[in-house]
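With these hints in hand, go ahead and build the complete structure from the sequences.
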Amino acid sequence: MEDTAHKGRRFQISHMNMRKIHGIIFVLPWLLGFILFFVNPLISTIKYSFHKVGVADSGGMSLEYVGLQNFIDLFTTEVSSQSTQFLRIFTDENVDIFINTPVIVIFSLFCAILVNANFKGRGLARVIFFLPIVLGLKVVVDLTLVTTGGDVANASISQTFDNGFILDFLREYTFLPRDITRFISELINGVFMLISQTGVQTLIFLAGLQSINHSLYEVAKIEGANGYEVFWKITLPLLANITLFAMIYTFVDMFLKSSISTEIYYFAFNKNSIGTGSALSVVYLLNVLIDLLILMLVINRVVKPYDSN
Amino acid sequence: MTQTKTSTKKQLNLYSVKESFKKIVFWYAFISLIVGLGFAILYPLIKMIPTVFNNLEDLGNPDVVWVPMEFSIVSFEAAIRLVFGNGMPMVQSIIYAAAIATIQIFVCALAGYTLGRVNFWGRNIVMFLVILTFVVPPQSLLISQYLSFKNFDILGIFTAISGSTIDLINKPITLFLLAIFGFGVKQSMFVFIFRQFFKGLPKELEEASLIDGCGFYRTYFRICLPNAIPAIMTVGILSFVWNYGDTYYTGFFHPDGPYLSIKLAQTFSAANVNNILYAVQTWYNVPGANVFAFDAVKQAAAFIYLLPLLIIYFAVQKKLVQNFEQSGIVG
Chain A
1 MEDTAHKGRR FQISHMNMRK IHGIIFVLPW LLGFILFFVN PLISTIKYSF HKVGVADSGG
61 MSLEYVGLQN FIDLFTTEVS SQSTQFLRIF TDENVDIFIN TPVIVIFSLF CAILVNANFK
121 GRGLARVIFF LPIVLGLKVV VDLTLVTTGG DVANASISQT FDNGFILDFL REYTFLPRDI
181 TRFISELING VFMLISQTGV QTLIFLAGLQ SINHSLYEVA KIEGANGYEV FWKITLPLLA
241 NITLFAMIYT FVDMFLKSSI STEIYYFAFN KNSIGTGSAL SVVYLLNVLI DLLILMLVIN
301 RVVKPYDSN
Chain B
1 MTQTKTSTKK QLNLYSVKES FKKIVFWYAF ISLIVGLGFA ILYPLIKMIP TVFNNLEDLG
61 NPDVVWVPME FSIVSFEAAI RLVFGNGMPM VQSIIYAAAI ATIQIFVCAL AGYTLGRVNF
121 WGRNIVMFLV ILTFVVPPQS LLISQYLSFK NFDILGIFTA ISGSTIDLIN KPITLFLLAI
181 FGFGVKQSMF VFIFRQFFKG LPKELEEASL IDGCGFYRTY FRICLPNAIP AIMTVGILSF
241 VWNYGDTYYT GFFHPDGPYL SIKLAQTFSA ANVNNILYAV QTWYNVPGAN VFAFDAVKQA
301 AAFIYLLPLL IIYFAVQKKL VQNFEQSGIV G
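Just so you know, the protein sequences line up as chains A and B, in that order. Residues in the first sequence are numbered consecutively from 1, following full-length UniProt numbering. Residues in the second sequence are numbered consecutively from 1, following full-length UniProt numbering.
Simulated from the structure, these hints should not be mistaken for laboratory data. Don't take each hint at face value.
Stated by the list, open to error - So, partial list: chain A residues that the calculated Cβ filter (under 8 Å) puts toward chain B: (1) K20; (2) V27; (3) F37; (4) N40; (5) S44; (6) L114; (7) A125; (8) P132; (9) V134; (10) V140; (11) D142; (12) T144; (13) F192; (14) F255; (15) L285; (16) L292.
All residues carry an ideal CB built from backbone N, CA and C; glycine is no exception.
The structure is reproduced here in structure tokens:
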């Protein structure tokens, strides 16, 4: 009796252990890839960024330790392929990303709420609203862009979407400061760029909206809440985690598409200075991580009060 | 008595009029928002239609904006002749994207299952690493990844066997290697989606199969994977679309490959404008074709390129939301 119980327990433990071993076998490809294609390149990138990389006499690579020289060069003497200073590129990109990320997320939440409502032709509206998943691909955006005669193209866009009236209205009749009206006008002008980034986020938000328990809305209705209250007290708090995910997704996506990544290529392969290119990579990487940290801190502050409910 | 009755009736009428007026205004605003946003999304496509069907010599004429004066499909012919050829590149691209998508689904589902279901030591650390690889842009590792593929070696094994490292740049196997080991296009996100899905799968399924005598692998392949259809569909669609449109991995690690995306990017690069214009002018005998013809040909190429994506997209769009909702990213 005691023996079998003991055996049974031992079997259970070893079964659990077997399960763990099998599980580790399942992640093994990914872990191998992590070492091969992530840790290894990361370490060598950092290594190259402190070295002057050249071709040795034997045909291999020669490394010469130069300390922080690559980083100093990057921000003082080196210029990008468009001959701008790197400090400027980094500030511009960061400002752009920090402004555009919330706008894209809010915009896609808005889109998701629109197509979540019940109306005739909802299927068609959804098809169109998710189309940016396909139309937002970089190669498609590049192809559909009118490259030649850019002035004509811009003129035709502003003809189609004449925002002069709105801007005049904002400037003359509301007492908004100049900077805010300029910000709004920039958003309107960049609306195609914004829209082309929203597909996946709209999908994420719509899935989130549909996962909200319908009885909550019924309760709110019975209690006499209006649409405005329902949105702020039910929809938004329950979407807090999804918003975080959409935010990070947008953020990473924006960084992927930023011009810094093409500069890395330019340094490494066109200018043949691997050291400086690696230094740029390291700065770029640190920039992403620090920005994400800031983003997380800010979001945590906003999301936490909702989370406890 | 009668007076009060009429007054309430009147009030009621007023109320209902107010309500229906409110409804109409709301409905009008709502529909105009939907239509407006839909139009803004479709605008790049709509704008292309008159251009690609226009006679090449009429392009740039300020009198012709929306309705072509002469209908012509020369831009399509030129695009096909320049890029698509006999259709082989497109077939190859589709096969490539489908193959990579299959590999990504397989590898990510394995990793996601373990991360969501098996409580092994260090699971949280691995999860953290997955998220870390998601937020680190692959471009920042480009240089050393490129160099390590240029002199590919695992722990000095290849050097020991053949005496030198292997050059894997410009070979299709590089892209497959990346996908197999979990570092293809946005693969960390796919691992994350699978992990979330498997985490939400009822535990009873596994227990039942265990009691019926299935081992770990059989439980996974017979029970868990077939139940993961929503997640598989979601990852499959996104992976296919992103791999079909990928110019980063294909462009750097296999630039001479038959992939349409890089072929298009190379053919229609800004440096190539005059060559293409010259080719179009001589092929189709349109000496009056100007720079706008370049855009027309380019956009016609974009149309053809998008065709398979749009077909697949329309075929699966109904399931897309449903699957995404069930795919567990929400949970």
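- Message: Of the numbered hints stated earlier in the document, which are not met by this structure?
- Response: Result: no hint breaks.
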